[in-house]
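Please construct the entire structure, taking both the sequences and the accompanying hints into account.
Respectively, the protein sequence lines represent chains A and B. To convert, note that position 8 of the first sequence is 8 in the working numbering; the numbers rise steadily by one, no gaps. To convert, note that position 141 of the second sequence is 141 in the working numbering; the numbers rise steadily by one, no gaps.
No lab work stands behind these hints, which were simulated from the structure alone. C-beta: ideal position from N, C-alpha, C; glycine also. Be careful, since some hints might not be right.
Claimed, not checked - Computed footprint of chain B on chain A, listed as stretches where at least three residues anywhere in the stretch have a Cβ under 8 angstroms from a Cβ of chain B:
#1 32-38
#2 105-117
#3 176-182
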Amino acid sequence: MTSLATQPAGRSRARRASAQEGGAVRSGMTLAAYLFLSPYLALFIAFMLLPTLAAIGISFMRWDILGTPEFIGLDNYRQIFADPLFLTAIKNTFYFVFLTAIPMVVLGLALAMLLDQKLKGTAFVRTVVFLPYVVMVSTVGILWGWLFDKGTGLVNYYLTTIGIEPVAWLKDPHWSMPALAITTIWWTVNTNMIIFLAALQDIPEELHDAATLDGAGPWQRFVYITLPLLRPAMALVTALTIINGWRVFGQAYVMTQGGPEASTFVIVQYIYLAAFQNFEMGPAAAAGVVLLLITLVFSLAQMKLMKAI
Amino acid sequence: MQDQRPNRAGKSLGGRALAYVLMVVVTALWGAPILWMLVTSIKPESEIYAYPPAWIPDQPTLEAYGALFQRFPMLTWFRNSAVVGILTTVLTLAVDALAAYPLARMQFPGRRVIMGVIFATFLLPYELLFVPLFLGLNSYGLVDSIFSLTVPASANAFGVFLLTQFFQAVPRELEDAAVMDGCSRFGFFWRILLPLTKPGLATVAIFTFVASWNNFFWPLIATNSDETRTLPVGLATLVGGAGMSMKQSVLMASAVVATLPTAIFFLALQRHFVRGIAATGIKG
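In structure tokens form, the structure reads like this:
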């Protein structure tokens, strides 16, 4: 195929032709472009755009699965914000984001820097850290549910061997959310590590060499070369970590079912409960819109912050 | 993951020793849970709760796997996950590649708007969509069907994003020459562009399959019978209510069975995973 491109005759003919045709080619191209796009656009409109608009619409309606929908203004929003369970869900989800965001970014970068070195075995360690990526959330929940068991779990066993008192983790409202956070970090920090690794490998080696010649130590090189050049990756990782944090559900659903004492009850579980257990579609949609607004505010704030730094 | 970087930090012996100590700690922390899952799944009942915990079973046995397949419709769940995963992957590849071609290589009005809207969905919490999607599919009687598990997931922004980058890298001259030789746009797309961008297609295929295989929340809502239930949803029923008394060896066997396909996929095709994540940072 490449031989086609290297024929000078073919190339010049192509140039001449495209110069002559102009407008006709362009409108033909528009038609062709939309033909190619049409299957995607059809699916996108049907299963992404319309549902998004519908969710916003339903959030202003009374809609039990039976009966006709009825416009009720902001009543659904008043209802969920008067519901202590929803406020608990927001508080718990925020706590989860708080517990995971910083470790996920810092540990992601630390792992990337450790495994970016030219040392034997780094490829193996990267594979091990990456392996949890392919484990499904039910399995993660089943596995860590046992690891965190008070009596028979490995976590308490090894903590005891170094002299730390065992705690009930998933059965203790104070420790249930930290346990979910640890599980999540183990499960997903690899994504952040890979993004940082890719960014580290884009930093020209000469920059480090030049700085070393000028007498910069490892810490100075990290602060003045690595960190500034990692800013785009840092922005991406932070945004993804925070958004995914607000969307947490599977781990909580499988490991604690929102308990104990609603200590791991999160926003998405509130949506699930309202819509698919209580069949109150209006409040569920309203909670979904609140989740959208929260992630939007956090993304925008984070973008502003990254620009300011 | 294969490439090795020149040494940056730890050039000294001490630095290197520290790096190795950290690498051992990291390997232990990330590898131990997976190893424990494997080891427990082949332990006989008498050894599961042995104190102190044993990392090598005395008398390995496959009885937990037997019990798992006997007591739960594992094969049905497994088959459903495979069918849903393969259909979603094929559909996503077709639709995303067709969409990425004009976005990458044609100038037309509306291009920027479409790009912007597609990539904005990266930031959308999909959970927002599930109530209207459920209601919509329900009104057509499509809930609890393979359709509801495959088609809605196929308009995938990640695939378009990645393939657009791959398609842009193919030289312009190739397309001009092919058109001069009487090749239609679709002919160029099908016979030249796709074969030249196989690595990109492979990356999208792998990501789509793993994401589909592990997808939890939507199948939890959209299925209500074992006939359509996928593995993640089926396995979640093992720990809730009915499964409380389940032996840990059986639970761990379920974990091994569920992880095996994607783990093999991953170990064989690591490069593609790394490229996909590095490009967009999407968690499946």
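Can you give the numbers of the hints that this structure goes against, from lowest to highest?
-> When the structure is compared with the hints, only number 3 turns out to be violated.
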